[in-house]
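**Q** Chain by chain, the residues run as shown.
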Amino acid sequence: MSTKHSIAAEKFNQDSGRVTRHDQTFWSVRSKRDGLAYQLEEWEQLRESANLIKKHTITHLADYLEQFETNARKNGVHVHWAKDADEYNDIVMQIMREHNVKKVVKSKSMLTEECHLNDNLIRHGIDVVETDLGERILQLMEIPPSHIVMPAIHVTREEVAACFREKGIIEKHGAHAAEGLLKEGEDWRTSSDPTYLTRAARYHLRDNFMEADCGMTGGNFGIAETGDIVVCTNEGNADMSTSIPKLHIVSIGLEKIIPNYKAMGVFQRLLARHGTGQATTVYTSHFRKPRPGAEMHIILVDNGRSSILGNIEHWQTLKCMRCGACMNTCPVYRRSGGYSYTYFIPGPIGVNLGMLKDKDANYHNCSACSLCMSCDNVCPVKVDLSTQIYKWRQELDSMGHADPMKKMMSAGMQTLFEHPSLYTTALKFAPLANHVPAFMTNIKANAWCYGHTMPEFAKESFHTLWKKGKVK
Amino acid sequence: MSSREEILNRLRGNVRETYDFPDLGFRKLEFADPVAQYVETTVTTAGARVFEIKPTDDLNEKIREAYPDAKIIASNVPGIKADKNPDTVERAQDLEDVDVGVIKGEVACAENGCVWIPQTMKEKAVCFASETLVILVSKQNIVSNMHEAYERIKFNDYGFGTFISGPSKTADIEQSLVYGAQAARGVTIFLTE
Ligand code: SF4
Numbered sequence: 315m316s317t318k319h320s321i322a323a324e325k326f327n328q329d330s331g332r333v334t335r336h337d338q339t340f341w342s343v344r345s346k347r348d349g350l351a352y353q354l355e356e357w358e359q360l361r362e363s364a365n366l367i368k369k370h371t372i373t374h375l376a377d378y379l380e381q382f383e384t385n386a387r388k389n390g391v392h393v394h395w396a397k398d399a400d401e402y403n404d405i406v407m408q409i410m411r412e413h414n415v416k417k418v419v420k421s422k423s424m425l426t427e428e429c430h431l432n433d434n435l436i437r438h439g440i441d442v443v444e445t446d447l448g449e450r451i452l453q454l455m456e457i458p459p460s461h462i463v464m465p466a467i468h469v470t471r472e473e474v475a476a477c478f479r480e481k482g483i484i485e486k487h488g489a490h491a492a493e494g495l496l497k498e499g500e501d502w503r504t505s506s507d508p509t510y511l512t513r514a515a516r517y518h519l520r521d522n523f524m525e526a527d528c529g530m531t532g533g534n535f536g537i538a539e540t541g542d543i544v545v546c547t548n549e550g551n552a553d554m555s556t557s558i559p560k561l562h563i564v565s566i567g568l569e570k571i572i573p574n575y576k577a578m579g580v581f582q583r584l585l586a587r588h589g590t591g592q593a594t595t596v597y598t599s600h601f602r603k604p605r606p607g608a609e610m611h612i613i614l615v616d617n618g619r620s621s622i623l624g625n626i627e628h629w630q631t632l633k634c635m636r637c638g639a640c641m642n643t644c645p646v647y648r649r650s651g652g653y654s655y656t657y658f659i660p661g662p663i664g665v666n667l668g669m670l671k672d673k674d675a676n677y678h679n680c681s682a683c684s685l686c687m688s689c690d691n692v693c694p695v696k697v698d699l700s701t702q703i704y705k706w707r708q709e710l711d712s713m714g715h716a717d718p719m720k721k722m723m724s725a726g727m728q729t730l731f732e733h734p735s736l737y738t739t740a741l742k743f744a745p746l747a748n749h750v751p752a753f754m755t756n757i758k759a760n761a762w763c764y765g766h767t768m769p770e771f772a773k774e775s776f777h778t779l780w781k782k783g784k785v786k
Numbered sequence: 039m040s041s042r043e044e045i046l047n048r049l050r051g052n053v054r055e056t057y058d059f060p061d062l063g064f065r066k067l068e069f070a071d072p073v074a075q076y077v078e079t080t081v082t083t084a085g086a087r088v089f090e091i092k093p094t095d096d097l098n099e100k101i102r103e104a105y106p107d108a109k110i111i112a113s114n115v116p117g118i119k120a121d122k123n124p125d126t127v128e129r130a131q132d133l134e135d136v137d138v139g140v141i142k143g144e145v146a147c148a149e150n151g152c153v154w155i156p157q158t159m160k161e162k163a164v165c166f167a168s169e170t171l172v173i174l175v176s177k178q179n180i181v182s183n184m185h186e187a188y189e190r191i192k193f194n195d196y197g198f199g200t201f202i203s204g205p206s207k208t209a210d211i212e213q214s215l216v217y218g219a220q221a222a223r224g225v226t227i228f229l230t231e
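Line by line, the protein sequences are chains A and B.
The first sequence stops at residue 786 when you use our numbering, and every number in between is there.
The second sequence stops at residue 231 when you use our numbering, and every number in between is there.
It is possible that some hints are incorrect.
[To be verified] Below, computed lysine to aspartate or glutamate pairings styled on EDC-like, alpha-carbon distance capped at 16 Å:
1) K603/A to D195/B
2) K560/A to E609/A
3) K576/A to E186/B
4) K397/A to E43/B
5) K192/B to D400/A
6) K397/A to E128/B
7) K66/B to E55/B
8) K160/B to E134/B
9) K576/A to D61/B
10) K142/B to D132/B
11) K560/A to D121/B
12) K109/B to D132/B
13) K66/B to E539/A
14) K160/B to E128/B
15) K696/A to D400/A
16) K576/A to E189/B
17) K388/A to D195/B
18) K160/B to E356/A
19) K109/B to E169/B
20) K576/A to D132/B
21) K560/A to D58/B
22) K177/B to E539/A
23) K66/B to E609/A
24) K100/B to E456/A
Derived by calculation from the structure, the hints in this document are not laboratory data.
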């Protein structure tokens, strides 16, 4: 039985060049993260602290939210509460109407994606411009993000150049952007040089920043003790979005609240190191009060989060700070791409959040896991991602979605593991499988081999080598 | 019942076990020479330049030296010869054509190059919309790690502050690193005594 994920992944794998590039791109980010980890002796203590701070905050969330609200109000900021996506969109529209907003510049926010904000704004005749370069590319190409931190990484430079030409950005800003950049003989009308394209986008977005009447941002953290909203970016687009228009609307999920600056120090050190393999994002901005003559609104959005807290098996997904590390490391994500998943957040955390949102629509993603547990080992806040996916799989059974063939084989494996003597015998004969023709171990009728090529068995098992004292 | 109450009630009702805030007393990264490390981090990974400024140096000359082609300089730092002042411009948009913004950093962090810049001007756009930035940092205010930085930073009545580590950058097109995404394209740190 195939899931939507496995079918889409198979398609993605037909272009082997693209798969290899995708795989290598994310593995290199994972490796950069590791490089930074080795530089910090306190790495594991930071992760454990982050885990405990999140557990503490989430189990005292109502108190911290109230404290946050009180402090934000003291700072002259308007605070709103939205129980679901509809209420959230209504609040945004109400603020926009009061300010007669025509154009919004927006920095990247997964929450607004979750609540389909952009569609709603457009429906109400408001022009919305994404200002993170990757998000802007996707918006112009009318395609969704394929990763939560590097949303357009699957798009090639040629595709970006073609899109910018089609949308008139090259015609308007190309000549200016090319000044002093392109090599002799290179034509700005056709160039797909990333520096040049980024420059053209810079001028294009500048125009939008100057004209917008509202800036919208997400928030990586909200600090209860002070009422600060903290936004981390590399491009400075959240800062541009909030330094020029006279209205700033922040949208954050309830779980983004942390207690204080002590906690902030821990998370600041972990976020970029995990997400992009950098020691910090270029900008870590603290918004506490509105700018002189401006207004600031914070919308605290639930949309299912308070119910997740009551879910014994899955409440720890609320610890997630959306760094993206679990997708960067996931062998299935790296080789199947973001679009193979039915939920807009892919990778291990996306599998879990998708199930919490809508099981029937998203159970397909549960097959996108080899239970290698790499995600658990990289997550900065120690979300037990693979255990949770395992639990969902158990549940699929009762939903009638489990794959009967794989179930039978898993049962067989369990018998082996539970009976040591049988296991040793099976291992002894395993090398024989090396001499079995590949068509027998790799045939499509065999549900397990389909998508799992047969590994070569070692001539002597680790078990016997150990016994013979060959392993030191 | 308002959504606020509904949300808070549901959160309170759904808590089973509670957890304590952890002890953060573990040993943290410390550099023997934070100033040297700060310079190293800034010129390598953060992609900014560092100019050492002696007490006898003329800051305005140094700014010229750093950005000889600059036409419009914006600053409200006393003693800086500026063409625009972020305190007196009418609108943030008036700072769009600034070539060099000169601003003050209060705390700098050696582990990642972050410099704390509290808003000390009416229009903070000068910190972001300027093509390039000169950030004044005193050697006295450099700490090893972000825990120390967070203990030191202060807010004033403007109620905004940002850590900036270098020029704005992006790797959104095929992961190739490009400096100068939406905000400042270049940053020069003036390291004073
Ligand atoms: S689950 Fe962990 S690793 Fe994955 S995005 Fe969230 S915080 Fe990052």
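**Q** Does K388/A pair with D195/B here, judged by a C-alpha cut-off of 16 Å?
**A** holds (12 Å)
**Q** Could you grab the alpha-carbon distance between K560/A and D121/B and see if it respects the 16 Å cut-off?
**A** violated (24 Å)
**Q** Has the given pair, K177/B with E539/A, been kept, meaning a C-alpha gap of at most 16 Å?
**A** Roughly 30 Å separates the two Cα atoms, so the pair is violated.
**Q** Below or equal to 16 Å on CA atoms is what counts here, so check K109/B against E169/B.
**A** Holds - the C-alpha atoms of E169/B and K109/B are around 11 Å apart, at most 16 Å.
**Q** K397/A and E128/B: Cα distance at most 16 Å?
**A** violated (40 Å)
**Q** Is the Cα-Cα distance between K100/B and E456/A 16 Å or less?
**A** violated (47 Å)
**Q** Need the status of pair K160/B, E356/A: alpha-carbon distance at most 16 Å?
**A** violated (40 Å)
**Q** Going straight from one Cα to the other, do K142/B and D132/B come out at no more than 16 Å?
**A** violated (20 Å)
**Q** Holds or violated: K160/B with E128/B, Cα cutoff 16 Å?
**A** holds (10 Å)
**Q** With the threshold set at 16 Å, check whether the alpha-carbon distance from K66/B to E609/A stays at or below it.
**A** It is violated: about 39 Å lies between the C-alpha atoms, which goes past 16 Å.
**Q** Mind checking the alpha carbons of K192/B and D400/A for me, to see if they're no more than 16 Å apart?
**A** violated (38 Å)
**Q** Does D132/B lie within 16 Å of K109/B when you go C-alpha to C-alpha?
**A** Holds, at about 15 Å.
Hints 5, 6, 7, 10, 11, 13, 15, 18, 20, 21, 22, 23 and 24, counting from the list given before, are not met by this structure.
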